[in-house]
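Enquirer: Quick note, the sequences are listed as chains A and B, same order. The opening residue of the first sequence carries number 116 in the working numbering; numbering runs sequentially from there. The opening residue of the second sequence carries number 116 in the working numbering; numbering runs sequentially from there.
Hint data in this document are derived by calculation from the structure and do not stem from the laboratory. Honestly, I wouldn't trust all of these hints.
Any copy will do: because identical chains look the same in the list, a pair fits if it lies in one copy or spans two.
To be verified - Here are the simulated DSSO-like pairs of lysine-lysine, each with C-alpha atoms no more than 27 Å apart in a straight line: (1) Lys122 x Lys165; (2) Lys272 x Lys128; (3) Lys195 x Lys136; (4) Lys196 x Lys136.
Protein chains: 2
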Amino acid sequence: MQAMEDKILTEGKVLPGGILKVGNFLNQQIDTGLLREIGLEIADLFKDEKPTKILTIESSGIALAAAAGMAMDIPMVFAKKHKSSNVDGQVYTVTIHSFTHGNDYQAVVSRDYLTAEDRVLLVDDFLASGNALAGLVDLVGQAGAEVVGAAVAIEKKFQGGGEALRKQGLRIEPLACIESMSDTGVTFCHL
Amino acid sequence: MQAMEDKILTEGKVLPGGILKVGNFLNQQIDTGLLREIGLEIADLFKDEKPTKILTIESSGIALAAAAGMAMDIPMVFAKKHKSSNVDGQVYTVTIHSFTHGNDYQAVVSRDYLTAEDRVLLVDDFLASGNALAGLVDLVGQAGAEVVGAAVAIEKKFQGGGEALRKQGLRIEPLACIESMSDTGVTFCHL
Numbered sequence: 116m117q118a119m120e121d122k123i124l125t126e127g128k129v130l131p132g133g134i135l136k137v138g139n140f141l142n143q144q145i146d147t148g149l150l151r152e153i154g155l156e157i158a159d160l161f162k163d164e165k166p167t168k169i170l171t172i173e174s175s176g177i178a179l180a181a182a183a184g185m186a187m188d189i190p191m192v193f194a195k196k197h198k199s200s201n202v203d204g205q206v207y208t209v210t211i212h213s214f215t216h217g218n219d220y221q222a223v224v225s226r227d228y229l230t231a232e233d234r235v236l237l238v239d240d241f242l243a244s245g246n247a248l249a250g251l252v253d254l255v256g257q258a259g260a261e262v263v264g265a266a267v268a269i270e271k272k273f274q275g276g277g278e279a280l281r282k283q284g285l286r287i288e289p290l291a292c293i294e295s296m297s298d299t300g301v302t303f304c305h306l
Numbered sequence: 116m117q118a119m120e121d122k123i124l125t126e127g128k129v130l131p132g133g134i135l136k137v138g139n140f141l142n143q144q145i146d147t148g149l150l151r152e153i154g155l156e157i158a159d160l161f162k163d164e165k166p167t168k169i170l171t172i173e174s175s176g177i178a179l180a181a182a183a184g185m186a187m188d189i190p191m192v193f194a195k196k197h198k199s200s201n202v203d204g205q206v207y208t209v210t211i212h213s214f215t216h217g218n219d220y221q222a223v224v225s226r227d228y229l230t231a232e233d234r235v236l237l238v239d240d241f242l243a244s245g246n247a248l249a250g251l252v253d254l255v256g257q258a259g260a261e262v263v264g265a266a267v268a269i270e271k272k273f274q275g276g277g278e279a280l281r282k283q284g285l286r287i288e289p290l291a292c293i294e295s296m297s298d299t300g301v302t303f304c305h306l
């Protein structure tokens with residue numbers, strides 16, 4: 116998606132440790148014009164899959180999932196993050212390891228919001244190690260529902276998560292895919 | 116807003132302790148058709164104020180703020196919640212007491228995302244005790260920016276937060292306002 120690549124080049128900041136800072140247009144502050152375009156692009160990419168629901172994880176996936184849900188006119192659901200596993204039987208839950216923060220957390224969704232009839236499109240802001248996306252795939256599986264694919268705003272290909280998940284058969288559509296990055300700039304994938 | 120009141124009557128659940136459960140259309144699962152209407156309604160209510168930015172707080176305000184931001188074509192920013200006050204000097208921060216969870220937390224926004232030139236519209240899902248909204252007003256004040264008003268999806272008038280904030284001069288527009296609620300049902304405010 117050209118608009119996303121342009122935005123990364125003009126406003127993204129590469130920080131030490133393989134971190135791409137997009138806080139001023141995609142995360143803590145969101146460019147809502149770009150957000151609308153993202154929603155329409157995701158809707159177009161996955162329209163033939165006829166998803167019935169969008170699933171993301173708090174917090175930075177929520178705006179993207181809402182935009183995609185509005186564009187496709189289907190409900191969106193977000194998994195909540197909990198530090199402990201002290202949750203009741205009314206939920207699906209999975210343990211996810213965060214490379215960024217170096218800890219584990221629980222991702223939790225009420226059983227009311229995912230059913231065996233659902234065709235679920237996963238949406239998130241970043242795909243790096245792939246742990247969050249793999250966790251969402253697990254939650255959908257617990258519900259007996261089907262994953263139709265995943266849309267991510269930015270894939271950091273050099274962190275390998277996308278390759279591992281694609282090998283398991285998951286269709287992943289990044290709106291921008293980063294081959295490599297350094298102090299001197301960002302190189303996008305040759306898809 | 117009729118669509119919001121209808122949804123509360125048909126899908127909301129009153130739980131003990133003054134809690135209104137709206138998790139299946141406004142919180143963990145979001146009805147994106149209703150969300151689009153909410154965005155347009157907020158845009159219409161505040162169009163004369165010409166806000167330059169929308170500010171909310173994670174997580175349940177994000178989708179509403181994104182929808183309003185898309186409808187008004189202005190950026191949205193969300194304050195992050197932290198348990199400790201261990202934050203650096205590059206942020207505005209305020210301590211907020213949560214009645215729901217019985218604890219304090221820090222709401223934090225980067226100084227990059229609120230400036231003295233901003234005219235800020237606050238957006239949140241619930242207005243009850245008013246502590247979260249008062250915290251957002253504080254953050255905007257720290258930036259030297261102006262608050263043009265607040266839009267909340269649901270005001271629980273009987274918890275008093277709205278009255279206190281209006282006495283301080285804040286314009287608050289609830290899309291649904293609840294006068295009282297009990298096992299037998301919900302009564303909306305006579306505005």
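Enquirer: Does each hint fit the structure? Answer for all of them.
Expert: Evaluation of the provided hints:
no., hint, verdict
1, Lys122 x Lys165, "between (29 Å within a copy, 25 Å between copies)"
2, Lys272 x Lys128, "within (17 Å within a copy, 44 Å between copies)"
3, Lys195 x Lys136, "both (23 Å within a copy, 16 Å between copies)"
4, Lys196 x Lys136, "both (22 Å within a copy, 19 Å between copies)"
Going down the numbered hints, you'll see the structure goes against none, and every one checks out.
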